[in-house]
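**Student:** Chains as they are written, first to last, in UniProt numbering: chain A, 1 to 395; chain B, 1 to 498; chain C, 1 to 104.
Do not take every clue at face value.
Only part of the chain C face toward chain B is listed, based on derived beta-carbon distances under 10 Å [stated by the list, open to error]:
1) T4
2) R24
3) P55
4) D67
Since the hints were made in silico from the structure, they are not lab data.
For glycine and all other residues, C-beta sits at the position ideal for the given N, C-alpha and C.
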Amino acid sequence: MPTRKPSDVIVVGAGVVGAACAYYAAQAGLSVTVVDRGSVAGGTTGAGEGNLLVSDKEPGPELELALLANTLWRELADVLPPHVEYEAKGGLVVASGESGMRALRDFAARQEKAGVTTQEVPGDRLHDLEPHLAPGLAGGFLYPQDSQVMPAHAAAQLLHAAGDRVRLRLGEEVTGILTGAAGEIRGVRTAAGELHAPYVVNAAGTWGGALAELAGVHLPVLPRRGFVLVTEPLPRVVRHKVYAADYVADVASGSAALQTSAVVEGTPAGPVLIGASRERVGFDRTLSIEVLRRLAAGATGLFPVLGTVRAMRTYPGFRPYLPDHLPAIGPDPRVHGLLHACGHEGAGIGLAPVTGQIIARCLTSGELPLDIDPFRPDRFTAPEPAPAPGSDPAP
Amino acid sequence: MTASPSEPYDLVVVGAGSAGLAGAVTAAELGLSVALLDSTTQSGGQFYRHPAPALGAVRPEALHHDWSAFSDLRRRLAASTVTHLTGHHVWSVVRESGESGAAAGETGETWAVHAITGADGTEEQPVRITARALLLATGAYERQLPFPGWTLPGVVGAGGAQAMLKSGLVLPGRRIVVAGSGPLLLAVASSLAAAGARVPAVVEAAGYLRYARSPRALVTNPAKAAEALVHGAALLRHRVRVLPGSAVTEVHGTDRVEAVTVSRLDGDWTPVPGTGRRIACDALAVGHGLVPQIELATAVGCATRALPDGTLGLALDDLQETSVAGLWAAGETGGVGGAELARTEGELAGRAIAARLRGRRADPDPGRGVGPGRVGELRRRRDRMRAFADVMSAAHAPGPGWPAWLEDETDVCRCEEVTAGRVREAVTELGARDARTVKLLTRAGMGWCQGRMCGTAVACLAARGGTPEPPAERRPFAVPVPLATLAALDERATEQNL
Amino acid sequence: MARTPADLVGAQPDPPFEITFDGRSVTALPGQTVAAALWGAGILAWRTTREGGRPRGAFCGIGQCYDCLATVNGEPNRRACLVPARPGDAITTQEGHGHDRLAV
Chain A
1 MPTRKPSDVI VVGAGVVGAA CAYYAAQAGL SVTVVDRGSV AGGTTGAGEG NLLVSDKEPG
61 PELELALLAN TLWRELADVL PPHVEYEAKG GLVVASGESG MRALRDFAAR QEKAGVTTQE
121 VPGDRLHDLE PHLAPGLAGG FLYPQDSQVM PAHAAAQLLH AAGDRVRLRL GEEVTGILTG
181 AAGEIRGVRT AAGELHAPYV VNAAGTWGGA LAELAGVHLP VLPRRGFVLV TEPLPRVVRH
241 KVYAADYVAD VASGSAALQT SAVVEGTPAG PVLIGASRER VGFDRTLSIE VLRRLAAGAT
301 GLFPVLGTVR AMRTYPGFRP YLPDHLPAIG PDPRVHGLLH ACGHEGAGIG LAPVTGQIIA
361 RCLTSGELPL DIDPFRPDRF TAPEPAPAPG SDPAP
Chain B
1 MTASPSEPYD LVVVGAGSAG LAGAVTAAEL GLSVALLDST TQSGGQFYRH PAPALGAVRP
61 EALHHDWSAF SDLRRRLAAS TVTHLTGHHV WSVVRESGES GAAAGETGET WAVHAITGAD
121 GTEEQPVRIT ARALLLATGA YERQLPFPGW TLPGVVGAGG AQAMLKSGLV LPGRRIVVAG
181 SGPLLLAVAS SLAAAGARVP AVVEAAGYLR YARSPRALVT NPAKAAEALV HGAALLRHRV
241 RVLPGSAVTE VHGTDRVEAV TVSRLDGDWT PVPGTGRRIA CDALAVGHGL VPQIELATAV
301 GCATRALPDG TLGLALDDLQ ETSVAGLWAA GETGGVGGAE LARTEGELAG RAIAARLRGR
361 RADPDPGRGV GPGRVGELRR RRDRMRAFAD VMSAAHAPGP GWPAWLEDET DVCRCEEVTA
421 GRVREAVTEL GARDARTVKL LTRAGMGWCQ GRMCGTAVAC LAARGGTPEP PAERRPFAVP
481 VPLATLAALD ERATEQNL
Chain C
1 MARTPADLVG AQPDPPFEIT FDGRSVTALP GQTVAAALWG AGILAWRTTR EGGRPRGAFC
61 GIGQCYDCLA TVNGEPNRRA CLVPARPGDA ITTQEGHGHD RLAV
């Protein structure tokens with residue numbers, strides 16, 4: 001079996017997080033091999049809506065990441081081709097009643113202190129922003145920093161822009177982690193042979209727990225299923241990312257039960273995307289009629305004009321979440337040379353650049369943009385016996 | 001008829017073509033309560049598509065082979081207890097929980113069939129029909145390969161031209177070239193010619209010699225051989241030239257077809273340079289065989305099998321059941337094989353379902369091969385015709401060289417106007433290795449038809465000359481559904497059982 | 001040899017009626033779809049595409065390809081190969097997605 005020329009680092013996963021890790025590592029002068037058992041954007045990235053949000057995040061470490069990522073995405077939008085469809089269109093959170101409005105106001109005030117720009121929109125001004133919104137809403141908050149990209153292109157164009165320092169090995173599944181005498185990383189084994197590097201970055205998304213297990217460490221990444229409904233092509237009917245106030249509570253919830261909240265947004269290509277559902281059902285791809293009903297009811301509730309518009313397709317995605325809803329980013333103290341960049345739940349597209357930047361800085365001993373202690377990969381204690389309950393094997 | 005409004009039917013049959021009709025009347029004659037759903041207002045499916053009564057066709061059989069087999073089924077349907085629900089477009093079937101550990105039909109488990117109604121499914125009231133067993137007889141749609149100019153008005157599907165003629169008594173032009181690959185082309189050419197069109201050529205990409213490699217399948221299927229002879233004689237009578245080993249490699253015209261260029265192909269379907277010649281025409285009817293329409297089944301996890309022509313069909317057991325218990329399929333869904341095979345499979349499925357729901361075996365002694373009696377006879381006929389269908393299918397599999405006739409500017413995806421150049425860029429530059437990623441990066445297959453028209457081409461281009469993966473035929477919505485309809489999917493409001 | 005499809009099947013249709021296509025009168029037979037009526041009048045295109053503005057009409061003929069989308073009596077995205085023609089129907093060439101009136 002031929003052993004190929006070693007790289008400085010191997011990134012496992014060609015989703016948007018892996019692509020961003022490869023991009024920033026290459027920018028820092030490192031040679032990178034990206035290996036994925038499928039295609040570029042073949043996992044959760046390809047099922048995402050491409051949200052770059054600050055509006056749905058409580059003040060705290062994830063919001064800090066999101067604010068940094070927001071700036072990086074603006075920079076990337078200038079560098080990457082227009083295919084990534086970067087749009088700084090802003091998010092609009094709406095409330096149906098006064099109590100909802102009060103909750104939004106409190107939430108926004110706390111976010112403002114953390115550096116988020118917010119703007120209260122009274123009920124009678126909502127239609128200036130979104131002419132098709134249902135009548136009678138109490139009001140909302142506008143978040144001008146919220147943006148959107150086309151996720152699959154974001155991943156593909158980041159890898160493409162990374163240039164010759166990045167080698168892509170697609171359709172090659174990692175079956176083992178190679179370690180040296182002291183337990184340090186030496187590379188990975190794939191179905192096609194061995195790939196050598198002193199560092200391995202786990203950017204395997206929802207399957208990051210399984211990859212960690214190959215390296216002998218515990219990282220309880222679990223799938224949280226969401227469906228997206230996609231309509232027929234439309235002109236610009238919805239200008240912002242518009243969602244109902246209960247969305248924030250659902251995002252932060254740890255419940256396994258089905259939660260849905262109305263999230264509606266247009267795309268440059270024409271179709272309107274409708275979310276969002278959250279449920280913990282493993283990797284089950286079976287269509288749920290109840291989810292579709294709730295998503296459609298939520299969307300037509302916010303935008304009655306969508307009632308006669310047809311849904312053309314729907315697909316599930318599996319958000320990679322960790323029990324405390326924060327990602328794992330940075331070196332794993334348990335295995336020298338192993339770094340993690342996974343578990344971003346529904347925020348992976350948005351948080352990809354800052355994640356990639358942190359990983360690149362870790363690899364080059366550069367200055368970190370923020371304290372990454374909240375994201376340390378060894379913060380979860382392994383249950384006894386070792387294998388994590390419910391951790392699905394990578395299919 | 002079922003006993004009460006909430007009582008499920010014993011059987012819902014989706015599709016009222018040859019297979020669905022045979023399955024529905026057989027099951028009803030054996031005592032089951034049956035609902036037969038079809039998107040059109042008539043029965044007969046694509047093969048026996050015929051004019052609406054108001055068109056007053058005295059001789060509809062003039063456009064059909066073996067019309068008596070259909071009129072027979074239609075008579076049995078009229079005399080049966082089958083509830084025939086026309087204008088029902090099924091967009092999803094869902095298994096609803098029953099007792100675990102036993103096959104559907106033997107327990108309280110039911111299927112829910114979700115449909116929208118109206119001529120093109122735009123009426124808003126959702127319909128939900130429940131049944132203890134389900135028979136999918138959803139037929140096939142036509143496979144297309146792109147070529148320069150194929151989006152010009154006047155280029156129509158070969159099956160499409162046939163369908164418009166059979167139901168609407170219209171032609172797309174006066175001088176129609178028929179092209180592509182597959183046995184349907186001869187039937188289409190002879191109908192068009194009989195209906196008054198001039199057909200200057202039938203352009204067939206395969207070399208017909210390949211049939212000769214399996215003479216046994218031909219000899220044992222005299223009905224198919226006779227059908228081919230009938231078409232052959234009709235073509236001779238209408239002075240239609242058949243050009244094997246050739247393809248239309250370009251369509252000429254600005255806003256509609258004015259002529260086509262026909263080129264010779266080598267054995268791999270690569271056009272031979274310098275062989276192009278122009279044929280004047282005002283329409284082109286084109287198709288490359290048929291693709292089983294199986295998305296209702298793949299959505300609930302039914303296993304598929306790769307067919308010799310590069311399409312996917314449902315994997316079925318000896319009695320037409322899919323890998324999902326309680327869900328049967330018949331006709332083209334298991335592989336394209338024609339109306340007679342579809343009828344045979346439909347009857348076999350109807351008998352198997354009746355036996356299952358009655359707690360009996362359809363096949364009293366599986367140890368004795370296909371078994372005696374009617375079921376044994378049906379199985380023997382089915383197996384013989386399936387073998388023939390596989391030979392035909394293999395003969396018309398697209399050769400690996402066809403993408404050579406694409407130009408970078410040729411639209412591959414008609415809906416989203418995605419060119420061959422963009423698909424190739426996604427594959428060579430952006431890391432797309434399969435049709436799904438090509439779709440994500442180019443939108444090819446994301447439009448209204450959900451990849452039905454471009455799926456084969458995208459799979460071939462994604463394979464970069466290797467063996468393409470058959471298109472996955474996964475479409476969670478078999479037809480687009482208005483959001484208001486989805487929002488109204490409240491169970492109580494939508495029970496439509498009779 | 002039959003001269004027309006109607007001759008071939010010995011059609012004795014109910015009386016024809018008029019529909020309009022972009023304001024022009026077109027004769028339809030009862031039982032025909034909108035697409036069949038338009039083909040009968042020699043019209044092969046009744047939609048322009050979203051990106052290229054290219055003309056399109058019926059292609060697959062059986063409701064699968066959605067190329068035949070037309071605006072029928074003001075309602076966009078009707079599959080002309082499935083929708084029956086009714087007396088007085090106003091068919092208009094559909095431009096792109098057909099939903100311009102929704103644009104904000």
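**Student:** State for each hint whether it applies.
**Tutor:** Hint check results:
no., hint, result
1, T4, "5 Å, holds"
2, R24, "17 Å, violated"
3, P55, "5 Å, holds"
4, D67, "6 Å, holds"
Checked against the numbered hints given earlier, the structure breaks only hint 2 and satisfies all the rest.
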